[in-house]
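**Student:** Every position in the first sequence, counted from 1, becomes a number in the numbering used here once 10 is added.
There may be inaccurate statements among the hints.
[Unchecked claim] Below are the EDC-like pairs computed for lysine to aspartate or glutamate, each with C-alpha atoms no more than 16 Å apart in a straight line:
| no. | residue 1 | residue 2 |
| --- | --- | --- |
| 1 | Lys174 | Asp307 |
| 2 | Lys292 | Glu239 |
| 3 | Lys581 | Glu531 |
| 4 | Lys402 | Glu364 |
[Said to hold, decoys possible] Derived CB-CB ranges, DEER-like:
| no. | residue 1 | residue 2 | range |
| --- | --- | --- | --- |
| 5 | Glu115 | Gly392 | 27 to 37 Å |
| 6 | Gly222 | Glu115 | 46 to 56 Å |
| 7 | Ser52 | Arg112 | 48 to 58 Å |
| 8 | Ser271 | Arg345 | 55 to 65 Å |
| 9 | Pro34 | Pro132 | 15 to 25 Å |
Since the hints were made in silico from the structure, they are not lab data.
Each residue gets a CB set at the ideal place from its N, CA and C atoms; glycine is no exception.
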Amino acid sequence: MPIAAAQGPNGSAAPVPVVVAPQPDGSAVMCDLAADGTRLASAVRLNDFSSAIADRERSDRVRWVWAAADGCYPDLLRAGLRLARCHDVALVEALLLGRDGRHGEPATLAGAWARLRGERAPRRAATPSGSAQQALFEPTEPGLPEGAAVLDALIAVYADQLAKIGADEAQARLRLLAAAESAGALAAAEMCFDGLPWRADVHDELLAGLLGPRPPRGSRPRRLAELAEQITAAFGGRPVNPDSPAQLVRAFAAEGVSVPSTRSQVLRDVHHPAAPLLLQYKELARLHSAHGWAWLDSWVADGRFHPEYVVGAVVSGRWASNGGGALQIPRVLRRAVVADPGWTLVVGDAAQLEPRVLAALAADRAFAEAAAAGDLYAELAGAFGGDRSKAKVALLSAMYGGAGGEAGQLLAVLRRRFPDAAGYVEAAARAGEEGRVVRSVLGRACPQPSAAWRSLTASASSAGAGASVRARGRFTRNFVVQASAADWALVLLACLRPRLTSLAGPDGAGRPHLVFFQHDEVIVHCPDALAQPVVAAIEAAAQEAGRLVFGATPVRFPVTTAVVSCYGDAK
DNA sequence: TTCCGTTGCGCG
DNA sequence: AAAGCGCGCAACGGAA
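Using the sequences and the hints given, assemble the complete structure.
**Tutor:** Here is the structure:
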């Protein structure tokens, strides 16, 4: 079966794999490979890493095979390059290790090279934080040969990875996953480089409006100080630090109010004059500490927020972020995300992604037909007495393993009306409870249970065994859905990148930038005139992703798009 | 002083 | 009776 990811648009020839390694002196060694990863020519050495890559990228359809995009690509971006595709040895190695139940072993090129030769993988070299890049350009990465000989390791490991993928029972999907994960690494580096448009002045005004003017470093903003005083007064003048849960619990106890914790959820039901004040305080204090002026100082420069996305850091295949909390931007701050003059933001959000993914995964006919519509929950409402919200609760409970409140009854309805969908997640839960692993649709494996879990659950009588078994079941139940949704989103990203590139001017001028990706949501920053083509590109990429990941299915994956100048205006 | 586990809350 | 999934970050407070 031809693999779509290995085949260009219009049936053009598959890209040529070219293995490349930057050298400490700024030069590069590279070598053309055959489709099966074997050496096609002898290695060449080129004086300048980025110009060597640029020349080749211009003249050929290349898949760059390298140790890791997060090491190589930022330099190339700074040099003004954009690459179409790569094979990220480290990310693919992590996928393959996970598939073999070996999560946690070093997934670096050096680790893979050592395993290939039956040696112990070198422990990851201790590097200063965030300097994967530095490590790569160290003259001698531990465990790797120096100079052009590093290509031997790269070529051998790449060929081995291709062989492992080819030997998998679901090789086409695994190959797609490897390509999408690698494309994700390119997208992540580009997003970090380009940055999310961020108006520091708008952010500052917003903070000042809620907290009072910017205070000296280290002291409480006016509004928080006022609330803290009022809280102290509400506790009869006994000084209490509202940031300290322990002090608050004691202060409530002294007033004869027993609280298990100081969570907002708990405080909402506490009848004491301090409770509503604390709720206000907590909300504002959180904004101040997590996304206040200090955040603005560290993360926003030149009108851009430059987060670092970490591909492959989450077991489900979702991205993580490192510094700046890129994936936890509070809704109120979306006001500060404003397009440049003459540019616009296209915000695309995959509607009800996870239940749709479940529908496609389970191939539940009745469910899948409902998922052919725009509002899945509304479509399912009929099965739940016409109540859309009940349909939603039932679905979320099925996917998360919740069974509280009325969820139990709603699950029973779900099981009766959509037996295959319910059966799919329940089979995943059972697998987890039995200590087995599950996989996403494209073959990303969940981690095996820990040794501690195994020994705890080995005897049903030991305390906590039942709870641990059920927790593992909820994890695997959710994993199959969340990880498959992540597969879909990653493929969407991989399909969207080339479409956006093709909208750029001849010299790359006015190129639409992907500037944000959050699980099921993308933001593209583009010139005003390109807004509609970008909308079309996102929708087309979503449909392409659905087809590539799930094949023939009636399930649709609609993306809600909004063309706005301010992120706060989307939705 | 630094380190680390816990608490709590933001996002999906 | 309490409880669903996955993350990152900041502050606290005890331990080293």
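**Student:** Hint by hint, say whether it matches the structure.
**Tutor:** We went through each hint and held it up to the structure:
For the hint pairing Lys174 with Asp307, the CA-to-CA distance comes to about 46 Å; that exceeds 16 Å, so the pair is violated. For the hint pairing Lys292 with Glu239, the CA-to-CA distance comes to about 14 Å; that is within 16 Å, so the pair holds. About 12 Å separates the Cα atoms of Lys581 and Glu531, which keeps this hinted pair within 16 Å; it holds. Under the criterion of a C-alpha separation no larger than 16 Å, the hint pairing Lys402 with Glu364 is consistent with the structure, at around 11 Å.
Checked against the hint of 27 to 37 Å, the pair Glu115 and Gly392 fails, with Cβ atoms roughly 49 Å apart. Between Gly222 and Glu115, the C-beta spacing of about 51 Å keeps the proposed range 46 to 56 Å intact. A hinted range of 48 to 58 Å is violated for the C-beta pair Ser52 and Arg112, which are about 34 Å apart. Separated by about 32 Å at the C-beta atoms, Ser271 and Arg345 break the suggested range of 55 to 65 Å.
Distance hint for Pro34 and Pro132: a CB-CB separation of about 18 Å, consistent with the stated range 15 to 25 Å.
Checked against the numbered hints above, the structure violates hints 1, 5, 7 and 8; every other hint is satisfied.
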